[in-house]
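Asks: With these hints in hand, go ahead and build the complete structure from the sequences.
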Amino acid sequence: MAVSMSDILLFLLSVTTYVLFLYSTKLFLRRRNSEELKPIPPGKTDWPFFRESQDLYSKMQGNAVHEFVLERCNKYSSKIFKTSVMGQTVAVFSGAEGNKFLFSNQPELLTHWVPGYITKLFPSGNDGIKDDAKQILAKRLFFKSTLKGDALRSYVRIFDATAKQQLLTVQTDWMKPEEVSEMARRYTFTSGCKIFLGIGDKRKIDELEEYINMVEIGLTSKPINLPGTAFHRAIKTSKNLFRELGAIIRQRKTETTNCSSSGDEDFDFISQLIQSSTRDNRHGLMLGESQMGSFLAGLLMGSYSGLHTTITQVIKHLAEFPQVYQLVLKEQEEIASSKGVNETLQWEDVRKMKYSWNVVCETLRLSALGIGGFKEAVNGFEYGGYTIPKGWKLQWSAAATHRNPEYFPDPDKFDPSRFEGDGPAPYTFVPFGGGIRMCPGNEYARFAILVFIHNVVINSAGTSKLLPPKLGAVA
Numbered sequence: 001m002a003v004s005m006s007d008i009l010l011f012l013l014s015v016t017t018y019v020l021f022l023y024s025t026k027l028f029l030r031r032r033n034s035e036e037l038k039p040i041p042p043g044k045t046d047w048p049f050f051r052e053s054q055d056l057y058s059k060m061q062g063n064a065v066h067e068f069v070l071e072r073c074n075k076y077s078s079k080i081f082k083t084s085v086m087g088q089t090v091a092v093f094s095g096a097e098g099n100k101f102l103f104s105n106q107p108e109l110l111t112h113w114v115p116g117y118i119t120k121l122f123p124s125g126n127d128g129i130k131d132d133a134k135q136i137l138a139k140r141l142f143f144k145s146t147l148k149g150d151a152l153r154s155y156v157r158i159f160d161a162t163a164k165q166q167l168l169t170v171q172t173d174w175m176k177p178e179e180v181s182e183m184a185r186r187y188t189f190t191s192g193c194k195i196f197l198g199i200g201d202k203r204k205i206d207e208l209e210e211y212i213n214m215v216e217i218g219l220t221s222k223p224i225n226l227p228g229t230a231f232h233r234a235i236k237t238s239k240n241l242f243r244e245l246g247a248i249i250r251q252r253k254t255e256t257t258n259c260s261s262s263g264d265e266d267f268d269f270i271s272q273l274i275q276s277s278t279r280d281n282r283h284g285l286m287l288g289e290s291q292m293g294s295f296l297a298g299l300l301m302g303s304y305s306g307l308h309t310t311i312t313q314v315i316k317h318l319a320e321f322p323q324v325y326q327l328v329l330k331e332q333e334e335i336a337s338s339k340g341v342n343e344t345l346q347w348e349d350v351r352k353m354k355y356s357w358n359v360v361c362e363t364l365r366l367s368a369l370g371i372g373g374f375k376e377a378v379n380g381f382e383y384g385g386y387t388i389p390k391g392w393k394l395q396w397s398a399a400a401t402h403r404n405p406e407y408f409p410d411p412d413k414f415d416p417s418r419f420e421g422d423g424p425a426p427y428t429f430v431p432f433g434g435g436i437r438m439c440p441g442n443e444y445a446r447f448a449i450l451v452f453i454h455n456v457v458i459n460s461a462g463t464s465k466l467l468p469p470k471l472g473a474v475a
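Each residue of the sequence shown is one higher than the one before, counting from 1 in full-length UniProt numbering.
Among these hints, one or two may not hold up.
Claimed, not checked - Capping the alpha-carbon separation at 27 Å, the derived lysine-lysine pairs in DSS-like fashion look like this:
1) Lys164 <-> Lys202
2) Lys148 <-> Lys176
3) Lys222 <-> Lys202
4) Lys222 <-> Lys393
5) Lys339 <-> Lys354
6) Lys239 <-> Lys202
7) Lys139 <-> Lys202
8) Lys59 <-> Lys316
9) Lys393 <-> Lys38
10) Lys176 <-> Lys330
11) Lys148 <-> Lys253
12) Lys148 <-> Lys194
13) Lys139 <-> Lys79
14) Lys390 <-> Lys413
15) Lys120 <-> Lys164
16) Lys413 <-> Lys316
17) Lys144 <-> Lys354
18) Lys339 <-> Lys352
19) Lys354 <-> Lys148
20) Lys38 <-> Lys120
21) Lys59 <-> Lys393
22) Lys38 <-> Lys75
23) Lys100 <-> Lys164
24) Lys176 <-> Lys164
Just so you know, these hints were derived from the structure itself, not from any lab. Predicted, not measured: the structure shown is a model, and the values here were computed from it.
Replies: What follows is the structure, encoded as structure tokens:
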């Protein structure tokens, strides 16, 4: 059958019309989806180390991260804003609702993320062992058995003995703020070395503290790895620290093997860590030597960096608020009066320090040290009227709620009574984070701080020793 030219033209016209229809439909759907898609969070991002990042660094060094966060909360959004953190675009969540969302266990949306500059200072090492969900659970179980409950009972005795030893070094009638800070540093780091490494030798402790101090400086410095920069020096120092920890681990492995073969099960923390990393352990924790080194380095830093600063701030507040000092003194004297001569503090004694802990909590609220924690968006999602694209880095910040008048009226006022009764609303007071990634050392920090405060207050009662003159007069 012959095909006419008109039939061919009609066929081509039909095909063209159909193609145009499909194309128009696609454009319509794309435009509608685009209109329905929420905008990304407001805020500024920039090249690393300019404007946003520079402002963050200066606030970090001045312990004023809350100013950085609150300024942007007020300027852009009370729920979420974007900024630059260490050269990385980050969406900062604020408020109790934001904390609750990021602390929730939603693996289909969120995963834990560590900034690259931290992994350069604290390389995790893999030793061929994958840090999967099973290993994460094993670490949590290990922390529960070594940083909670019965383990704290033995740590309290170490805290108490170390605090008393540090107080013996005080030679003046009262200490200047920088001297209190130095003593708090010595107390927290010496305690950490004794507990986590089983080390009491002063020379070795001094050497390790020098390393940790240099790494601590690197954590708040611009992450520029060039000769002459603080970050470069911190990376070099970190390698020395890990080399020392590796030597300690190898030595303790030998000692642990000998203790195990002799039937001695009275292991300290590092020995338990080594024992728990064998294939027949009860936790299922499998760590190679480099992972153990990273594990211990993180514990040393965590039990030192923010801890000594918090202790110094508590002493400062006791000096500034005589009425608060009197209530703390009364509570601590009641505990001291129940003890015999030279009797050490016990776990039960620290549990009675309720008002003193309120003072510490209020100090933690006002300090809000550090920039918070991070997550990464596994998939894109919407939050608070904004779109969070897949791969974006997300951050929670304690400063966003700790200084928020909605949760804490007159937020700049020092008032320990905020923590009486039921205390703050859920997800508003988060000095240790929350959820499955909550700092496992929160109870360790609580006991370390309170034991030190007890010794300072009791040894200062009726004198001007340690505390400024006006406190001596009040006491």
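Asks: None of the hints should be skipped; say for each whether it holds.
Replies: Status of the hints after comparison with the structure:
no.	hint	verdict
1	Lys164 <-> Lys202	16 Å, holds
2	Lys148 <-> Lys176	34 Å, violated
3	Lys222 <-> Lys202	32 Å, violated
4	Lys222 <-> Lys393	19 Å, holds
5	Lys339 <-> Lys354	18 Å, holds
6	Lys239 <-> Lys202	21 Å, holds
7	Lys139 <-> Lys202	30 Å, violated
8	Lys59 <-> Lys316	20 Å, holds
9	Lys393 <-> Lys38	18 Å, holds
10	Lys176 <-> Lys330	24 Å, holds
11	Lys148 <-> Lys253	24 Å, holds
12	Lys148 <-> Lys194	17 Å, holds
13	Lys139 <-> Lys79	33 Å, violated
14	Lys390 <-> Lys413	40 Å, violated
15	Lys120 <-> Lys164	37 Å, violated
16	Lys413 <-> Lys316	14 Å, holds
17	Lys144 <-> Lys354	23 Å, holds
18	Lys339 <-> Lys352	13 Å, holds
19	Lys354 <-> Lys148	18 Å, holds
20	Lys38 <-> Lys120	36 Å, violated
21	Lys59 <-> Lys393	21 Å, holds
22	Lys38 <-> Lys75	20 Å, holds
23	Lys100 <-> Lys164	40 Å, violated
24	Lys176 <-> Lys164	19 Å, holds
Going through the hint list in order, the structure does not satisfy hints 2, 3, 7, 13, 14, 15, 20, 23.
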